[in-house]
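Using the sequences plus the hints, can you model the full thing?
Residue numbers (my numbering), protein chains in the order written: chain X, 1 to 340; chain D, 1 to 621; chain W, 1 to 270.
Just so you know, the hints here were simulated from the structure itself, not pulled from any lab data. Careful: at least some of the hints might be erroneous.
Some chain X residues near chain W, calculated using beta-carbon distances under 7 Å [unchecked claim]:
#1 Ser96
#2 His107
#3 Thr115
#4 Ser128
#5 Arg137
#6 Glu139
#7 His146
#8 Arg147
#9 Thr185
#10 Ile199
#11 Pro201
#12 Phe297
#13 Leu306
Note that the Cβ used here is the ideal one computed from N, Cα and C, for glycine as well.
The primary structure of each chain is shown beneath.
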Amino acid sequence: MDTILVLLHTEADGTLAKPALEALGAAAELGGTLVVGLIGKDVQPAADSIASCGAAKYYGVSGDEFAQARYSSDAAAAEAICKEANPTVVIVPATSRWNRVLSGVAHRLGGRVDTHVTGVSRTEGALSAARWYYRQRMEAVVQRTHRPWCIALEAGCHEACAAGAGKATVENVNVILSEAARQTTVTGIKTVAADQQTIRPDAKLLFVTGAGWTKKQPDGKAHVEEAAKIILEFLQHSQASLGGTKSLVDLGGEGQTVLPFMTHLNQIGQTGSTPRHPKGLSTCCHGEEPHVIGWRFVNERRAINLDPNCPWAHGKADVLYVADALQVMSKVNELLAAKK
Amino acid sequence: MTEQVHPTVERQTMDADIVCVGFGPATGGFLTTLSRELVCEDGTAKLESSVAPGLPPQVICYERADDIGFGVSGVVTPGNGIRKSFPDLDLAQIPLAVPVKHEVVLYLLDPLGASRRSALLRCADKAIRALKGILPFEREAFKLPYIPPFLRKDGGLLLSISQFNQWVGTQLLGSGAVQIWPGTPVAQPLFDDNSVIGVRLLDQGTDKQGRPEAGFMPGMDIRAALTVVGDGPVGNVGREIDFHFGMPEGRHKRDWAVGMKMVVNLPEGCPLEPGTVLHTFGYPEPEIFGFLYVYPDNVASLGIFVPSWFDSPVRTSYRYLQHWMMHPYLWQYLEGATLRSWGAKTLEESGKRGEPHLVGNGYARIGEGSGSTNMLTNSGVDEAWITGVQLAEAVVELLKEKKPFTQENLEATYVRRRRSSDLDKQSCIAEKSRDGFGSGLVPGMLGMAATGFTGGMLNIGSEPKQPYKRLPTLADYYKGRIPAEELEQIVRDCTARGVSAHSTLMDRCGWPQIPYDGKLLMSQQDALLLGGKVQAPGGYADHVCFLYPNLCQSCGTKICIEVCSGQAITPGVDGVPQFDREKCIHCGACLWNCATPHPDNPERTVLDFRAGTGGLHSADN
Amino acid sequence: MSTPYQIVVCGSIVPDPLQTLEPIATPNGPALKNEMMLPAVLDPWAKHALYEAANLASKQPGSKVYLVSLGPKAKLQQVMMTMAQKVPFELVAIDGSSSGFTEASEVAAALAAAIKAIPGVDLTRLLLFGGWESASRGAGSTLQMVGEQLGIINQFQGVDKLTCNADGTLEVLERIEGGKHQVSKCSCPPAVLGWATGMLPEPPNNPQIGMVNMRSIMPALQKAQPAAVGAQGLSFASVSLPKQQRTTKVIKDMPADEIASEIVAWVSQD
Ligand SMILES: Cc1cc2nc3c(=O)[nH]c(=O)nc-3n(C[C@H](O)[C@H](O)[C@H](O)COP(=O)(O)OP(=O)(O)OC[C@H]3O[C@@H](n4cnc5c(N)ncnc54)[C@H](O)[C@@H]3O)c2cc1C
Ligand SMILES: Cc1cc2nc3c(=O)[nH]c(=O)nc-3n(C[C@H](O)[C@H](O)[C@H](O)COP(=O)(O)OP(=O)(O)OC[C@H]3O[C@@H](n4cnc5c(N)ncnc54)[C@H](O)[C@@H]3O)c2cc1C
Ligand code: SF4
Ligand code: SF4
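Printed below as a string of structure tokens:
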């Protein structure tokens, strides 16, 4: 029988975030013995918050050293818990913190790892994981003979565990960090100012802008300033997350007049990000394959493009409005403003 | 012509022994032959470099495209020259290569009644239809019962030029004897009095007008004792040499065609066998020729040629290619096929008549730009290869004798070899074989037959005119079919929408809309992206330039917009077309599709086609 | 710090992302259709890592940049034609499969062995660069494992910026959730940096760099040792292209006002 260890880290406020609860939910369904490992400054409150999840045991590594998302300490903590729990399967939420260390940990344990997993299931007793290859181009279902099998489960791929709170007994695992493990310190988080924050992973809507916003329009001129205004206004009204095509964000690098609030972090697609949002609205974007790959996890898709034959029309969007996005979006802004 | 904006800027220079421009089959043949004579088995120099003493000669080749495997061609070829270079050639090593098995030539009738057919042709069509019970006639196609020997490719090869070039390049690099650099356009030849002394590479880090921007890096000067010009039909380096030294008396380049093609996965169960070669004529317009070659694994290469003697001011290729594929005879095989790749490129169809000075002090010309393509047999790849081989043999001879690459020495070695070869004999025969087409399809076909059967003794037609001289106005072309006022209105509307007019005009003349299926039939932009995978790295000057905006403003047909294979040239503000490099596939069609002669040179137009980066990223063509 | 840098960049080749990719089953597991015909490029994020490495090296005379690349020799050779004119580096080539379907730990073992074998390499001051994820396996695993095998526990992933201070400390910006960056300080190398886009533009082609690079690249390719990387213990129950075909409703000729209200209604509904 499998021993399934779910490794979780606490947030800055000591709680567990949604992806953590999702990983726990997925693990709980796999059968076998469920064990939870927690890492953070103080893990007891987090353990208590999931006390009824059915875990046979809770391990914890805590202390100031383990508050920060740092490879050396996280790897040491995870390794120590694994050595105690001796799991056959390790499941973590695919947060940036776990993505940074899980493969290294798997190596230390002599196990194997799969990251960016979008589903785990058991068929006829055998565990399988679904993951993508060639940057979201093809989906594979894999099985492994090596143990432990470490799996990083993407956010949004499973219902969160609904376990109620209670009192959990956490077995503290003592980890002493070497001198070398203290060479790195996390000194802070750099964010753009809140009013300029355009990437909102929890937004219901992904608003994607393409190079068309900066291109010559039918009147023979480009309207970049107006475009910037419309886009920002829409973001403010809709609280959508802003994505861009490579062509659009690349423009910034070449010193052209472009949308100042867009960076490479906004890029959606094969060499950008593949965010998860229930809805996506594409504007002035052609919809070429390397870009649309980034829409893999956007459920409902609509596009506005002047070209009735852009690839969105061919099975990539649910609705394509053949129209001038600058016009439509300024109308949309008017309507949204009026609603408030 | 390609004067870069900063004549005074400080440039780095690098010395080499031989610098080659362009990596097509011509340069492939050259480097393959040469590389075998440079280094001994043990890696020591067989011949010595003059710029790096002790080392073998430093040979560098610069190719404009982003990879050496992004070319466009047919290709069916007799392959004699190629086989001679690789006596143990194992076709299995080259993806998509297969021997020719079965050849068919088809005359396609017009099932829609939308094409422009002469009275003569209409009679012929009627007669064929009347006799269809006894003629080899199937699905609106008449199969020629006999293929003249000069057109046959018995024992030949089917290749993908991209995969072939890639394979040749891999062998060459593996030898370590030469260097090939894709993604590196040559801006211009460097002249010193009456010699070519090397080449200048393109400036990088500039805006579209060529002005320096962040990261500006002036194109380097590569100085070499010999510059090998193998830049193909529309290469700017060859053209600039022609402008500088002039063409030999009576020679000019006036016959052209653009070939647009696709590589497709044939539908499952398609009965066409690998090695099948199918040539068509007669449809979608009588002047348009087509080809379909079948590769292994149910893959086919197919396309059409739109020639400069098709006197239409709206001669597009893409829309015609779609109608051609949908001809009932071809559609029986193509329905359900999916696009793998797409591309287009110009063919220099003047052949021998377009032969420039083959050599001069410090330079030699090889390949299609040197007039090697045989217009009677429609063959260019093997011919280009052979010219490269001939030059390499000459170069080795001169290097061994330690003789300089002067015009005289190159004449005595390379030109002598070329003149005494079968290649030259054949192209002399072919020289006038196509002149008949100047008067239409029927005289053209008769002319080819006459030339072919008499070995060039009898030719039909007269010397070709410059393409711009042949072009009718839109009003003349559509006379009797679209009333003048309506025509003007259509053109005005399309211009206002920023698009070319050919599609609307074809709709108006009875061509049905193409039912897009997103697999094989799709918009031109999608073919560009899905099939051509076109890319344009930033930081380079535009390579298509309108030299005299005022002349464009008063240009009536604006054929450059209509013909553009990538929809990269569109109506612009103030009547001057605008160019979008991100859509350009470097086919070179705009070079010869301009309606206005250059004020200083009647063999040029006011549209300049320079060296540029990017373009197709498809490795199947 | 006045000591020159030793930077090893791990970067393999991937099919040009613009190409159409299709999986096929072979006796050795899944593969890409026409894999050998597809044009290849240096893995995009690893390419950024290489540019960052070269930029860093150029600031400290005597620094060295190695590109350690595992892939089929012929394909590596092709990709080097485009890479070698970009920035100076020395190639360490390993001849083996660059398929995304191979196992990260096997690739990591081959890379780590090749790095250890670089003459004169000093693992104690190594900067190990690479892309934070490949465009083939897309896992972000390999680099971590190479780091582990070389005993490096200062590791960073999704790096957009590295500042090497005069006192020898490193400051690193890593991508984290929500378009933010985590800032870390590391007192000294060795360190592993899995790069995201970084901050540098594509360098121009420099023919002189190309000539110099090629002199060492060709011998490196000739010397390339074969490495049998497979996917032991990993089995694929299925590999399939997602059914991405939707039925698209194409709406033409609708006035902008109406489209706007439709969109507002759609955006507002839960
Ligand atoms: C190695 C590699 C990796 C890549 N990775 C990515 C990636 O991760 N993400 C990515 O996005 N791309 C990626 N690409 C690039 C991708 O192939 C496309 O080039 C890019 O996505 C095109 O961007 P676009 O649609 O904004 O621009 P364009 O192709 O220029 O399209 C502009 C569109 O705007 C429309 N338009 C213009 N004006 C209006 C208007 N007023 N109203 C409505 N529509 C209008 C036009 O009709 C057109 O369809 C990659 C390419 C390569 C080579
Ligand atoms: C659609 C089509 C079908 C054809 N079918 C056949 C056929 O079936 N059989 C046949 O034998 N022939 C066929 N041909 C003709 C054949 O492809 C050419 O004759 C042949 O490729 C010529 O070889 P080349 O080496 O002279 O030039 P090219 O193959 O044109 O090579 C020249 C190279 O130089 C490069 N270049 C140009 N300018 C520069 C610069 N400034 N700097 C650096 N590089 C530069 C180009 O990018 C190109 O790669 C066909 C052509 C086309 C377009
Ligand atoms: S480039 Fe030539 S065809 Fe085009 S508008 Fe100008 S003159 Fe006319
Ligand atoms: S602009 Fe580019 S694509 Fe258009 S005709 Fe000229 S070369 Fe061909």
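Consistency of the hints with the structure:
1. Ser96: With a closest approach of 4 Å, the Ser96(X) hint holds.
2. His107: Holds: closest Cβ of chain W sits about 5 Å from His107(X), inside 7 Å.
3. Thr115: holds, 5 Å
4. Ser128: Given a least distance of 6 Å, the restraint on Ser128(X) holds.
5. Arg137: holds, 5 Å
6. Glu139: Glu139(X) check passes; min Cβ-Cβ to chain W is 6 Å, inside 7 Å.
7. His146: holds, 5 Å
8. Arg147: violated, 10 Å
9. Thr185: Given a least distance of 5 Å, the restraint on Thr185(X) holds.
10. Ile199: holds, 3 Å
11. Pro201: holds, 5 Å
12. Phe297: Because about 11 Å separates Phe297(X) from the closest Cβ in chain W, which is outside the 7 Å limit, the hint is violated.
13. Leu306: Violated, because the Cβ-Cβ distance from Leu306(X) to chain W comes to roughly 11 Å (cut-off 7 Å).
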